[in-house]
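There are 2 protein chains.
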Amino acid sequence: MKLNPAEGLRDFMPEEYFKREYLIEKIQEVFKKYGFLPIDTPVMERKEILEGKSGEETEKLIFRIQKRGDKLTKALEDKENLPSNLSDLALRYDLTVPLARFYAKNRNNLPQIFKRYHIAPVWRAERAQVGRYRELYQCDVDVIGSASPFIEAEVILVVSEILSNLGFKEFTVRINDRRLLKALMKAVKVPSTLYDKVLITIDKMDKIGLEGIKKELAARGLNDNTIQELIKTINKLVKEKASLKAIEIAREFLEKFLDEDNNVFEHLKKILETINSVGNKSGNIIFDPFLVRGMAYYTGPIFEISSPVVPFSIAGGGRFDNLIENLSGQKAPACGFSIGFERILLIMNEQNMFPENLGKIDIFIPLFSEEYFVDALKLANSFRAHSLTVEVFPEAKKINKQMKIANKKGVSNVIFLGENEVKNKEINIKNMGTGESKTFTDVKKCVEWIQNN
Amino acid sequence: MKLNPAEGLRDFMPEEYFKREYLIEKIQEVFKKYGFLPIDTPVMERKEILEGKSGEETEKLIFRIQKRGDKLTKALEDKENLPSNLSDLALRYDLTVPLARFYAKNRNNLPQIFKRYHIAPVWRAERAQVGRYRELYQCDVDVIGSASPFIEAEVILVVSEILSNLGFKEFTVRINDRRLLKALMKAVKVPSTLYDKVLITIDKMDKIGLEGIKKELAARGLNDNTIQELIKTINKLVKEKASLKAIEIAREFLEKFLDEDNNVFEHLKKILETINSVGNKSGNIIFDPFLVRGMAYYTGPIFEISSPVVPFSIAGGGRFDNLIENLSGQKAPACGFSIGFERILLIMNEQNMFPENLGKIDIFIPLFSEEYFVDALKLANSFRAHSLTVEVFPEAKKINKQMKIANKKGVSNVIFLGENEVKNKEINIKNMGTGESKTFTDVKKCVEWIQNN
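Taken in order, these protein sequences are the chains called A and B. Once you know that position 231 of the first sequence is 230 in numbering that gives the first Met the number 0, the rest is easy, because the numbers rise by one and skip nothing. Once you know that position 345 of the second sequence is 344 in numbering that gives the first Met the number 0, the rest is easy, because the numbers rise by one and skip nothing.
These are computed hints drawn from the structure, not numbers from a lab. Quantities reported herein were computed from a predicted structural model and do not represent experimental measurements. A few of these clues could be false.
The list treats identical chains as interchangeable, and a pair is accepted whether it falls inside one copy or across any two copies.
What the hints assert, rightly or not - Below, a list of computed lysine-lysine pairs in the DSS-like style, where the Cα atoms sit at most 25 angstroms apart:
#1 73 - 1
#2 70 - 59
#3 397 - 422
#4 443 - 31
#5 407 - 396
#6 359 - 25
#7 203 - 235
#8 31 - 407
#9 1 - 330
#10 59 - 46
#11 31 - 18
#12 73 - 46
#13 1 - 104
#14 70 - 46
Start from the sequences, fold in the hints, and give me the full structure.
Given below as structure tokens:
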């Protein structure tokens, strides 16, 4: 029988689990301090909730739950509707669509402006490759119910603080607006059928450069004139990319191509100014007119965080004012940010950004003889009362065997509880790092010694 | 479109999430102090791993994952093997079978005696009824690799400490041994084909009494003589049920019917003595010769915890020395305890056993004017640096509207940041519980005031 997890799935050993737990705790801590509230939704949703929300590509990857019993038999008989009638539920592939469903269902019992975070697994039947998993954690923070640019500012600030707390330095927040991208397409007369494809190409700016973009656009069927026009515009915008001035330049070019007389530019400036005034921990924020972001549901500002240590983004988000209305018919502006949990974990692993003592056992008590087990437990409990982690070995194997086990576990201290120690009620402890040994009669003093070592 | 979760599934609102989180934290804290290690496994396992392990009843409840693409098309063509060939993966229905798979796969990289806990959801397609969910959390602690009775003692002690910490009082740990049940069946000459059914009946002792048992045994086809014999034996054992002496009485009756010359009684006594010597927090432990436990895989001692506040058990476990061998061909003794997470949550809710301030927002800052948003954020950050939860309202609505929102949220304090406060750098705070207001210029002093209120 195959004992490894199925394709793209992972077991987590204790040392990996401790890291994931640490990451979740560090993230949650900041979300909570900002007043974001946690929720949870079932891992399974009705199929119709998940379908038609996030583009074909994502939906191909949905894991569907098979009907059971009579329902399955009936479905198999109804040959015309095979195979789509075989399932009625599916595993969520992101946390945004479930949030929209949750909000539409529960909005009467939620604050008018609902600030929530959700750290939980999602499932995608991706082809297995390095760093791609079929079960992966997502970490989303979203605000529903307000169109204020302060919302964008707040989600960017909270995510920046998290990254900073985790040890990320000199990261960059890039921000753009979906509506500007559309205006850009109009401005240079890209046929509307090619918008999406051209935008996907533009998104690769940092990776393939202007020449690469030219080539790819031609391959995508854009005519030469339009390509020239687009490149010219891009060139002008690129020069001032990293400054607030870029917004003004963009306004000059693009304002007249915006669909409605709306406040795209004022909204963007407010976000940038707010963040710059509060002071963004360890990161800076820039307007990037070529930022695209994949998800179809974004309607306004979009943003992404990249770190100099990796060539991909580590967080991404934006405003999606229509998603909840699409689902429930009820209008509700919304804006969110998603932290690339698995990516960040990978980076932190590679860059040794986790604390060293994660999951460390403070005290290991080998068992000299079965008759001392109760004494060992009582002693262990007196240390556990001080929140120390204590393991009592349950078998009276030879002490050198038990010490080997302790070494392999990397325990911090060992307490030897032999005949003398039991009789004299002594705590004979050895620090496994320094090799120093000491004898105590008082638990508290021993705890202090442990904590100062 | 239906917006509620599908049958048997639940959304968790923030206030419910906080309770679940609290419960998990309180449980984990104790597991960790005892040196148990956390792991995680995928929610999906290969179907063949889950099938054939836990009895027909449980397996009927498995949610299966449908194959996709070409695989699905092929499966539909292969009519002979329909419908079982439509799926290759399934959602786990417990945490024990995944543990056995995990251990068999990873044992070379795990400690020889592996102490692990796992708190995670499982899925069962149960018929919806009050308190039965299709997605439910399980909370298991298990030790693999040791046959010592100290293992049983330790898992019972750790679970008892957890229940005690959660506020459960006067609970009872009942303990028996699967082999004694089999011996009992032999002793009174129950036909071996009826063992399971008769045991299910005996398990109801506390609920239906001796008369009820008699009736049910007759209905199950047991002959009168055997019933009489069984009742006689039960009567003798019942008298001393709650004392260590009961083990000696059971030994007299049953020892000669044990399959092998093994140490059932010594093992049981060691467990009871160890626990009694260490002192079991808030609970007592008794030998209960009629405790049965449902799971097919138990091989030795079995145990259960019941609380006077509810008519069902709140934790159950036992030794399962063959499960890992069945799966992998490698011998590994194992013993575990499972805490009834959802039941405990239900009880704690009903009995008001959760702290009052779960998820409380410490400070709410209404927004007097958009121009003060940055000041409000800066002020908020200075309190967040002291680990306080601060929410800044993002829209400059009328203050009485914002105060209504604050009241609805049940925030602890409100800081008013108007023109004067911004100009004079004052912190004008009101405790929403007592109604007391105070003005500070120093954040630290204000934090102290908040913490002492």
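We went through each hint and held it up to the structure:
1. Taking the closest pair of Cα atoms, residue 73 and residue 1 come within 25 angstroms of each other only across two copies (23 angstroms); inside a single copy the shortest separation is 33 angstroms, beyond that limit.
2. Within a single copy, residue 70 and residue 59 get their C-alpha atoms as close as 24 angstroms, and across copies as close as 14 angstroms, so both meet the 25 angstroms cut-off.
3. Taking CA atoms no more than 25 angstroms apart as the test, residue 397 paired with residue 422 passes inside one copy only; the shortest distance there is 21 angstroms, against 73 angstroms between copies.
4. In this assembly of identical chains, the alpha carbons of residue 443 and residue 31 lie at most 25 angstroms apart only when taken from different copies (20 angstroms versus 34 angstroms within one copy).
5. Taking identical chains as interchangeable, the C-alpha atoms of residue 407 and residue 396 lie at most 25 angstroms apart only when both belong to the same chain, with a minimum of 16 angstroms there against 61 angstroms between chains.
6. In this assembly of identical chains, residue 359 and residue 25 lie within 25 angstroms of each other by CA distance both inside one copy and across copies; the values are 18 angstroms within and 19 angstroms between.
7. For the identical chains of this complex, residue 203 and residue 235 are intra-copy neighbours only, at 18 angstroms inside a copy versus 81 angstroms across copies, given an alpha-carbon limit of 25 angstroms.
8. Taking the closest pair of Cα atoms, residue 31 and residue 407 come within 25 angstroms of each other only across two copies (18 angstroms); inside a single copy the shortest separation is 37 angstroms, beyond that limit.
9. For the homomeric pair residue 1 and residue 330, the shortest alpha-carbon distance between copies (17 angstroms) is at most 25 angstroms, but the shortest distance inside one copy (50 angstroms) is not.
10. For the homomeric pair residue 59 and residue 46, the shortest alpha-carbon distances inside one copy (13 angstroms) and between copies (22 angstroms) are both at most 25 angstroms.
11. Within a single copy, residue 31 and residue 18 get their C-alpha atoms as close as 20 angstroms, and across copies as close as 15 angstroms, so both meet the 25 angstroms cut-off.
12. For the homomeric pair residue 73 and residue 46, the shortest alpha-carbon distances inside one copy (18 angstroms) and between copies (23 angstroms) are both at most 25 angstroms.
13. Taking the shortest alpha-carbon separations for residue 1 and residue 104, only the inter-copy value of 9 angstroms comes in at or below 25 angstroms, while the best intra-copy value is 42 angstroms.
14. Within a single copy, residue 70 and residue 46 get their C-alpha atoms as close as 15 angstroms, and across copies as close as 20 angstroms, so both meet the 25 angstroms cut-off.
Consistency note: the structure conflicts with none of the earlier hints.
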